[in-house]
Amino acid sequence: MDIHSSKQSQLSNPHDWVDKHGDALYGYAFRYLSDRSVSEDLVQETLLAALKGQASFSGSSSERTWLIGILKNKIVDHYRKTGKEVKLTNPEQVSSSFGDTDYISTGSDAGSWLPHRKPKAWAVDSNDPVEQQQFWAYLHNCLENIDTKLAKVYTLRDIQEIEYQEVCNVLAVTPTNLRVMLYRARKLLRRCLETNWIGSERTF
Amino acid sequence: MKKIFMKLLNRILPSCQEVSHLTSQAMDESLSWRKNLELRMHLRICTWCRRNSEQIRQMRTLSHKQAAAQNELATLGSEARERIAKILDQNNQK
Numbered sequence: 001m002d003i004h005s006s007k008q009s010q011l012s013n014p015h016d017w018v019d020k021h022g023d024a025l026y027g028y029a030f031r032y033l034s035d036r037s038v039s040e041d042l043v044q045e046t047l048l049a050a051l052k053g054q055a056s057f058s059g060s061s062s063e064r065t066w067l068i069g070i071l072k073n074k075i076v077d078h079y080r081k082t083g084k085e086v087k088l089t090n091p092e093q094v095s096s097s098f099g100d101t102d103y104i105s106t107g108s109d110a111g112s113w114l115p116h117r118k119p120k121a122w123a124v125d126s127n128d129p130v131e132q133q134q135f136w137a138y139l140h141n142c143l144e145n146i147d148t149k150l151a152k153v154y155t156l157r158d159i160q161e162i163e164y165q166e167v168c169n170v171l172a173v174t175p176t177n178l179r180v181m182l183y184r185a186r187k188l189l190r191r192c193l194e195t196n197w198i199g200s201e202r203t204f
Numbered sequence: 205m206k207k208i209f210m211k212l213l214n215r216i217l218p219s220c221q222e223v224s225h226l227t228s229q230a231m232d233e234s235l236s237w238r239k240n241l242e243l244r245m246h247l248r249i250c251t252w253c254r255r256n257s258e259q260i261r262q263m264r265t266l267s268h269k270q271a272a273a274q275n276e277l278a279t280l281g282s283e284a285r286e287r288i289a290k291i292l293d294q295n296n297q298k
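Protein sequences appear in the order of chains A and B. If you use the working numbering, the first sequence corresponds to residues 1 to 204, in order. If you use the working numbering, the second sequence corresponds to residues 205 to 298, in order.
Worth double-checking, as some hints may not be accurate.
[Claimed, not checked] Straight-line distance between alpha carbons at most 27 Å, and here's what the computed BS3-like set of lysine-lysine pairs gives:
{"hint": "1", "chain 1": "A", "residue 1": "K72", "chain 2": "B", "residue 2": "K269"}
{"hint": "2", "chain 1": "A", "residue 1": "K20", "chain 2": "B", "residue 2": "K211"}
{"hint": "3", "chain 1": "B", "residue 1": "K239", "chain 2": "A", "residue 2": "K118"}
{"hint": "4", "chain 1": "A", "residue 1": "K120", "chain 2": "B", "residue 2": "K239"}
{"hint": "5", "chain 1": "A", "residue 1": "K118", "chain 2": "A", "residue 2": "K52"}
{"hint": "6", "chain 1": "A", "residue 1": "K20", "chain 2": "A", "residue 2": "K120"}
{"hint": "7", "chain 1": "B", "residue 1": "K269", "chain 2": "A", "residue 2": "K120"}
{"hint": "8", "chain 1": "A", "residue 1": "K74", "chain 2": "A", "residue 2": "K120"}
{"hint": "9", "chain 1": "A", "residue 1": "K120", "chain 2": "A", "residue 2": "K72"}
{"hint": "10", "chain 1": "B", "residue 1": "K239", "chain 2": "B", "residue 2": "K290"}
{"hint": "11", "chain 1": "B", "residue 1": "K239", "chain 2": "A", "residue 2": "K72"}
{"hint": "12", "chain 1": "A", "residue 1": "K74", "chain 2": "A", "residue 2": "K149"}
{"hint": "13", "chain 1": "A", "residue 1": "K118", "chain 2": "B", "residue 2": "K207"}
{"hint": "14", "chain 1": "A", "residue 1": "K120", "chain 2": "B", "residue 2": "K211"}
{"hint": "15", "chain 1": "A", "residue 1": "K52", "chain 2": "B", "residue 2": "K206"}
{"hint": "16", "chain 1": "A", "residue 1": "K52", "chain 2": "A", "residue 2": "K81"}
{"hint": "17", "chain 1": "B", "residue 1": "K239", "chain 2": "B", "residue 2": "K211"}
{"hint": "18", "chain 1": "B", "residue 1": "K206", "chain 2": "B", "residue 2": "K239"}
{"hint": "19", "chain 1": "B", "residue 1": "K206", "chain 2": "A", "residue 2": "K118"}
{"hint": "20", "chain 1": "B", "residue 1": "K290", "chain 2": "A", "residue 2": "K74"}
{"hint": "21", "chain 1": "A", "residue 1": "K118", "chain 2": "A", "residue 2": "K74"}
{"hint": "22", "chain 1": "A", "residue 1": "K118", "chain 2": "B", "residue 2": "K211"}
{"hint": "23", "chain 1": "A", "residue 1": "K149", "chain 2": "B", "residue 2": "K290"}
{"hint": "24", "chain 1": "A", "residue 1": "K52", "chain 2": "A", "residue 2": "K74"}
{"hint": "25", "chain 1": "B", "residue 1": "K206", "chain 2": "A", "residue 2": "K120"}
{"hint": "26", "chain 1": "A", "residue 1": "K120", "chain 2": "B", "residue 2": "K290"}
In short, the hints are calculated from the structure, not lab data.
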């Protein structure tokens, strides 16, 4: 099986790793963490772990893929640690900050929009850079004002467009749980944008 | 006549509240053909739910556009690069 063994990749000199993979690892981490220094730290941890674990490299994947695999575990660890903090400080906030107050609750019209909660007409001109910037600025403000866990979920899924299952893995939540959290996050943020941005500056 | 027809449709179709759940869910996974049909029909006749759907979808589109632009610029800073390279070399010699 000469063909096989010649296809096996080998690790390069660790001295070159930062130059070869630094940006790719950093970019990958940044998508998940949206934080410069945390992302840098995780790149460092990843490369140090890789250095110690060189023996575990099987050669069946590329060096880059192997390093990304290690980084993924570091990202999961990071979320596990910070996720716990979120849970300890506000265990019930996710559910209590949410009552479905947008809809009629009883009678034959139950489940229909309450008159004053009906979504107002607004659309951002996707090609207008000024509107895009404004949208982004307001969205960031809104993200800071909702539950941190919901903000995280929204950032990973709708801003960074990370795969649904990947988000479940990283945050250690079930698919059903994630579905509910995304529903809440999108709803709260849409409402926040409508109230603060559309309600103040924009006229239609 | 139209009113009666709408009332009847509302009976059959899921409520706005259910539809807003389905709207969000449909952004992440494919719905069963039946749910999908119910969702589409409701959105066709309900301005508010249609707005809601269009707006949260546009929020995602715009967010992603911006994130993609920022991600492109995300490179390891020179300070971090040097620091990590140094630590790596130190540990490599051991």
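Each hint, compared with the structure:
{"no.": "1", "hint": "K72(A) with K269(B)", "in the structure": "24 Å, holds"}
{"no.": "2", "hint": "K20(A) with K211(B)", "in the structure": "64 Å, violated"}
{"no.": "3", "hint": "K239(B) with K118(A)", "in the structure": "23 Å, holds"}
{"no.": "4", "hint": "K120(A) with K239(B)", "in the structure": "26 Å, holds"}
{"no.": "5", "hint": "K118(A) with K52(A)", "in the structure": "58 Å, violated"}
{"no.": "6", "hint": "K20(A) with K120(A)", "in the structure": "50 Å, violated"}
{"no.": "7", "hint": "K269(B) with K120(A)", "in the structure": "24 Å, holds"}
{"no.": "8", "hint": "K74(A) with K120(A)", "in the structure": "43 Å, violated"}
{"no.": "9", "hint": "K120(A) with K72(A)", "in the structure": "41 Å, violated"}
{"no.": "10", "hint": "K239(B) with K290(B)", "in the structure": "57 Å, violated"}
{"no.": "11", "hint": "K239(B) with K72(A)", "in the structure": "35 Å, violated"}
{"no.": "12", "hint": "K74(A) with K149(A)", "in the structure": "19 Å, holds"}
{"no.": "13", "hint": "K118(A) with K207(B)", "in the structure": "20 Å, holds"}
{"no.": "14", "hint": "K120(A) with K211(B)", "in the structure": "23 Å, holds"}
{"no.": "15", "hint": "K52(A) with K206(B)", "in the structure": "73 Å, violated"}
{"no.": "16", "hint": "K52(A) with K81(A)", "in the structure": "23 Å, holds"}
{"no.": "17", "hint": "K239(B) with K211(B)", "in the structure": "20 Å, holds"}
{"no.": "18", "hint": "K206(B) with K239(B)", "in the structure": "24 Å, holds"}
{"no.": "19", "hint": "K206(B) with K118(A)", "in the structure": "22 Å, holds"}
{"no.": "20", "hint": "K290(B) with K74(A)", "in the structure": "21 Å, holds"}
{"no.": "21", "hint": "K118(A) with K74(A)", "in the structure": "43 Å, violated"}
{"no.": "22", "hint": "K118(A) with K211(B)", "in the structure": "19 Å, holds"}
{"no.": "23", "hint": "K149(A) with K290(B)", "in the structure": "36 Å, violated"}
{"no.": "24", "hint": "K52(A) with K74(A)", "in the structure": "15 Å, holds"}
{"no.": "25", "hint": "K206(B) with K120(A)", "in the structure": "25 Å, holds"}
{"no.": "26", "hint": "K120(A) with K290(B)", "in the structure": "56 Å, violated"}
Hint compliance for this structure: hints 2, 5, 6, 8, 9, 10, 11, 15, 21, 23, 26 are broken, all remaining hints hold.
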